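J.: In the order they appear, the protein sequences are chains A and B. Residues 1 to 75 (our numbering) are what the first sequence spells out, left to right. Residues 1001 to 1378 (our numbering) are what the second sequence spells out, left to right.
For the record, the hints were derived by calculation from the structure and aren't laboratory data. Check before you lean on any hint, since a few could be wrong.
Once the Cα atoms are required to be at most 30 Å apart in a straight line, the calculated DSSO-like pairs of lysine-lysine come out as [stated by the list, open to error]: (1) A:Lys60 / B:Lys1165; (2) B:Lys1057 / A:Lys60; (3) B:Lys1057 / A:Lys71; (4) A:Lys19 / B:Lys1057; (5) A:Lys57 / B:Lys1253; (6) B:Lys1017 / A:Lys67.
Stretch by stretch, here's where chain A covers chain B in the computed footprint (C-beta under 8 Å, at least three residues) [said to hold, decoys possible]: (7) 1012-1020; (8) 1134-1143; (9) 1155-1164; (10) 1206-1214; (11) 1260-1271.
Reference excerpt, derived from the structure (chain A facing chain B, CB under 10 Å, subset only) [unchecked claim]: (12) Ile5; (13) Asn14; (14) Val27; (15) Gly40; (16) Asp41; (17) His46; (18) Ala47; (19) Lys53; (20) Lys57; (21) Lys60; (22) Lys61; (23) Phe66; (24) Lys67.
Small disclaimer: the values here were computed from a predicted structure and weren't measured. Built from N, CA and C at the ideal position, the CB exists for glycine as well.
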Amino acid sequence: MCLAIPGKVISLENNGTGKVNYMGSTVVANFSLLPDLKVGDWVIVHAGFAISKLDQKEAKKTLKLFKEMEKLSST
Amino acid sequence: MVLEKSKKLPSSGWRSKGTVEKLLESIALETDYLNRPIKLMEVCGTHTMTLHRYGLKPQLEEVGVEMISGPGCPVCITPDYYHEAIINLLAEKNNIIVCTFGDMTRVPTRKGSLQTFVPKEGSKIKIVYSPEEALEIARENPEKEVIFFGAGFETTIPAITFTVKRAYQEKLKNYSILAAFWLIPPALEALINSKELAISGFIYPGHVSAIIGEQPYAFVARKYGLPGAIAGFEPTDILLGVLSVAGQLRRKKPEVDNVYRRVVRAEGNPEALSLMDEMLEEADVDWRGLGIIPKSGLKLKSAYSQFDATRRYGLKLAPVKIIASGCRCGDVLKGLITPRDCPLFGRSCRPDSPKGPCMVSYEGACLIEFKYSSGVAK
Ligand code: SF4
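In isolation and in its complexed conformation, chain A is listed as follows:
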């Protein structure tokens, strides 16, 4: 029911839906709860509805933090 990982928006239709690519497979999702979505955005889809857009900057920040932590452990 809840896809915990984000998928990538590959198309927008005019009826408020669009297609999302999940590691190669395509699902149709309703975008009405995220009216500003664009092709190329990454989204979390739950029960057929996109509920949150992935903030790439925040994702990179966390991954960078992990890298730094690992560096610390190797010194």
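Add chain B with the ligand to chain A, keeping to what the hints say.
T.: Just chain B with the ligand now, with coordinates in the frame of chain A:
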């Protein structure tokens, strides 16, 4: 589910082995400083799944952190009598189509499950992935009456509510919902107040928070002095959450941290929140195991009562005594026992012969325990 089953972790990214080890080390430093083991509740069933799938539970125990599952499985906390009301309706009335999520159909009740009982002629149960499919079935079958039976937290409530809004706009006469809508923050407060459980803090559910944001948990820190962190569903996400909570305990500065900023905004999802506000109102509802909790549910406002299956069909949602099967889901959901403490676990209660919803739902603690451990009762 797309995540792979393997407990082997890759060398970089959200499941990086090095990062997992480093996070565990950092958590160990915090618990060393605290000089006592800590007990945290992971509220969400999907967190429970990650913890088991990647073998994190024993690793956390080694660094002094015990994780207990909470009430975060909507199928599990929905009392039997919701199912029984639907079963009764389908057994009495022709030409009704009840649409629901797959795991709802397998929950055992005194009257069997939605999957096993025999509906009246022309009536049936249909499994859907999205509530929108139910709406589409209503549009395509004007001669039938379609009910969407949906259990969900704040994550799912907007999707189901959206279909009612559409049905209202389209003046659809044959669509309604049986809403089992549950709200996480009031349930947390009830758990804290029950005092049956000594928890040091919470890992808040990532996708419920994507809708409601950070503020609704503020009372946990302010009023009860308990720390918490909103976390995502990768192994590193959860460990980062645990590290944050342990740090808050050490500093004696409880707050609502958000270590899932890539998905959860402080303000949540404004579009979803305003839809809920527009169409729903608070209700006192009955949680399996937890009982009636004031304002812990939502129902359609009276302006939309024609879409509310309970009012439309006069469904009786009267609390009944728990069935005598011996199922202890209620205590599992409160975090009082682990699935293995249930005498039926792995014996008469197994995924192919579930005795309770916690062995049915993908987010149910008993099914998760069964799947990722040997499955045989110790
Ligand atoms: S093991 Fe089965 S009977 Fe026991 S609490 Fe879990 S679901 Fe209920």
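J.: To test your reading of the hints: which numbers does this structure violate?
T.: Checked against the structure, the hints that fail are numbers 1, 4, 8, 13, 15, 16, while the rest are satisfied.
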